[in-house]
Amino acid sequence: MSLIKVTGLNHRYGERAILENINLSVDRGEVFALIGPTGAGKTTLLRIIDLLEVPGAGEIYFDGKCIPRSGKQRLEIRRRMSFIHQKPQVFNLSVYDNVACGLRWRGEGKNKTAEKVDHILEMVGLKGYENRNARTLSGGEAQRVALARSLVLEPEVLLLDEPTANLDPISTAKIAQLISYVARQRNTTMIMATHDMSQGQQLADRIGVLLDGRLVQTGNVTDIFRSPQNEEVAHFVGMENIIESVIIANNEGIAMVNIGGNAIQAVSNYPVGKEVYACIRPEDITLALSSTQSSARNSFQAKVSRVTTLGPLSRVEINCGFRLVALVTKISAEELNLQEGREVYATFKATGVHIMEKEIRQ
Amino acid sequence: MTEIWHGLTKAIELIISLDPEVMQIAGRSLRISGTACLLASLICLPLGSLIHFHQFRGKRALTNIIQTLFSVPTVIVGLFVFVLFSRAGPLGVLGIIFTPTVMVIGQMILITPLLLGLTISALSGVSKEIVDTATSLGASGFQTIWLVLREARYAVLAAVIMGFGRAISEVGCALMIGGNFKGVTRVLTTAAYLETSKGELELAIALGIILLFLALIINIVLNRLQQR
Numbered sequence: 001m002s003l004i005k006v007t008g009l010n011h012r013y014g015e016r017a018i019l020e021n022i023n024l025s026v027d028r029g030e031v032f033a034l035i036g037p038t039g040a041g042k043t044t045l046l047r048i049i050d051l052l053e054v055p056g057a058g059e060i061y062f063d064g065k066c067i068p069r070s071g072k073q074r075l076e077i078r079r080r081m082s083f084i085h086q087k088p089q090v091f092n093l094s095v096y097d098n099v100a101c102g103l104r105w106r107g108e109g110k111n112k113t114a115e116k117v118d119h120i121l122e123m124v125g126l127k128g129y130e131n132r133n134a135r136t137l138s139g140g141e142a143q144r145v146a147l148a149r150s151l152v153l154e155p156e157v158l159l160l161d162e163p164t165a166n167l168d169p170i171s172t173a174k175i176a177q178l179i180s181y182v183a184r185q186r187n188t189t190m191i192m193a194t195h196d197m198s199q200g201q202q203l204a205d206r207i208g209v210l211l212d213g214r215l216v217q218t219g220n221v222t223d224i225f226r227s228p229q230n231e232e233v234a235h236f237v238g239m240e241n242i243i244e245s246v247i248i249a250n251n252e253g254i255a256m257v258n259i260g261g262n263a264i265q266a267v268s269n270y271p272v273g274k275e276v277y278a279c280i281r282p283e284d285i286t287l288a289l290s291s292t293q294s295s296a297r298n299s300f301q302a303k304v305s306r307v308t309t310l311g312p313l314s315r316v317e318i319n320c321g322f323r324l325v326a327l328v329t330k331i332s333a334e335e336l337n338l339q340e341g342r343e344v345y346a347t348f349k350a351t352g353v354h355i356m357e358k359e360i361r362q
Numbered sequence: 001m002t003e004i005w006h007g008l009t010k011a012i013e014l015i016i017s018l019d020p021e022v023m024q025i026a027g028r029s030l031r032i033s034g035t036a037c038l039l040a041s042l043i044c045l046p047l048g049s050l051i052h053f054h055q056f057r058g059k060r061a062l063t064n065i066i067q068t069l070f071s072v073p074t075v076i077v078g079l080f081v082f083v084l085f086s087r088a089g090p091l092g093v094l095g096i097i098f099t100p101t102v103m104v105i106g107q108m109i110l111i112t113p114l115l116l117g118l119t120i121s122a123l124s125g126v127s128k129e130i131v132d133t134a135t136s137l138g139a140s141g142f143q144t145i146w147l148v149l150r151e152a153r154y155a156v157l158a159a160v161i162m163g164f165g166r167a168i169s170e171v172g173c174a175l176m177i178g179g180n181f182k183g184v185t186r187v188l189t190t191a192a193y194l195e196t197s198k199g200e201l202e203l204a205i206a207l208g209i210i211l212l213f214l215a216l217i218i219n220i221v222l223n224r225l226q227q228r
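Here the protein sequences come in this chain order: A and B. The numbering of the first sequence is our numbering, which starts it at 1 and goes up by one. The numbering of the second sequence is our numbering, which starts it at 1 and goes up by one.
Treat each hint with caution, since some may be false.
Claimed, not checked - Just a few of them, taken from the derived set where beta-carbon distance is under 10 Å, the chain A residues facing chain B: (1) ARG78; (2) GLN89; (3) TRP105; (4) LEU178; (5) VAL182.
The hints are simulated quantities; they were obtained by calculation from the structure and are not laboratory data. This one's a predicted model, so the numbers in the text were calculated from it and none came from an experiment. Built from N, CA and C at the ideal position, the CB exists for glycine as well.
Assemble the whole structure, with the sequences as input and the hints as a guide.
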């Protein structure tokens, strides 16, 4: 049975709709990532689940019980959860008191509190900081205090709102490591909001895409990244090649798709004549100087129109009758001497092409 | 000029010799104003928190009224308390007019708006995120209020000290309802007033200097706390 269930949730701030008809359920022990751009409503959804806000409409179930809109029961249920906010807000108290406050509020004894705080500070690497004022810490340290403060409560549900958004890469890695360690160790249910897709990919069992207040698609990592449901999701998950096309033949699930006069093969069950989008992830396209025989069904001669370096990768725009973007490692871009005007062969598998229905825009 | 100089030397003399009468008056001032301030704080800190944490109609108007009453003249408070507690007044049966008790009540009424207003503004200085963080860590309503008061502790303490400063330095109210009876309700300000009207300027100046000295100590304490 799902531990948290949200049904028919709607929420507005004044005239502006923040969340529209959200239905979501998260199982015990599951790590659920909520991805979406800034302003999509992720924080509001987490706040409502943490019972910090009362939704305009809709119900929230915790462990099968419907949560009332006011009253003492909300505090009892909130105490089984813990919320790590995007900007860590440490209290103007010592590190020890910061971490101990949640336990004290729950009436935990002095010795037990000391024991737990001690253990958790060791875990987050803040041992020896007990008597420092938490306000004097760096951003990364403050986020670790915030994390320790939540984890020490051993919550059944951990809600994380962009836990690493304001941190440097090393602190980010540390925090991500801690989170996944805890998730496995304690079988904690987590709902994590992030706009960082790789983080969602690494940590989550399941992903929900929140766009403009609507939960557009939920599914496992592969579903979301390989088979986005519509153009919006495809854009958001880094599907750079989204090309308008028409199915011209379909032979038992292997379809021929016409892209501006070029035919490519793809795996799809849509019937002939259907207007669709063909989506190809840029990292699924390989570039070579000569046409090589491979199991890949699609191979096109192309001309490089632009190369941009993205850290260890190169983003290569090519033209093979239609525009494609490919991602290759910087080293192979150098080996192939990829630059504007260079002739290459672009190859991708039929299974690397995701066909999705063209949405009729209202 | 010579009077000020003499007053200064006299003040130092009185302080160093621990003149029993002056010490008694200063002690009484501290006791009455300290009690008034303590009692007012016990009312104003919870009440201020309550006002800050609750949304209700007329909240802004209430805050405006409280702030206006910061500058309520001491004689008006004196008059109000006098009417209330004088023998013929509605609370006259208590028989506390011209006693230190009624002075404590008067000063409490005088500084309540100040303490209340400054408590509210001290709490407003604590960000909403702190409140949310506390709530999501499982704090109950009271636990949240206590945490926020602790977060704002320096500003709250400053408010309390300001209140004490206004209480110990006022004269109108103390004179009207205390009566300035020697050995009973005579405090630093009323004593200085009396000595001036008697022409005993040196003693009056000495008392004034002691009052200023107390104010200085309060300020030093306040500064220390704010720098922490």
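Hints, verified against the model:
1. A hinted interface residue such as ARG78(A) counts as satisfied when its beta carbon comes closer than 10 Å to some beta carbon of chain B; here the least separation is about 6 Å, so the hint holds.
2. The interface hint given for GLN89(A) is met, as the beta carbon of that residue sits about 4 Å from the closest beta carbon of chain B, less than 10 Å.
3. Interface restraint check for TRP105(A): the shortest CB-CB distance to chain B comes to about 5 Å, inside 10 Å, so the restraint holds.
4. Proximity of LEU178(A) to chain B is violated relative to the hint, the smallest CB-CB distance being about 18 Å (cut-off 10 Å).
5. A distance limit of 10 Å between C-beta atoms decides the matter here; for VAL182(A) the minimum to chain B is near 17 Å, and the interface restraint is violated.
The structure fails to meet hints 4, 5 from the earlier list, while all remaining hints are met.
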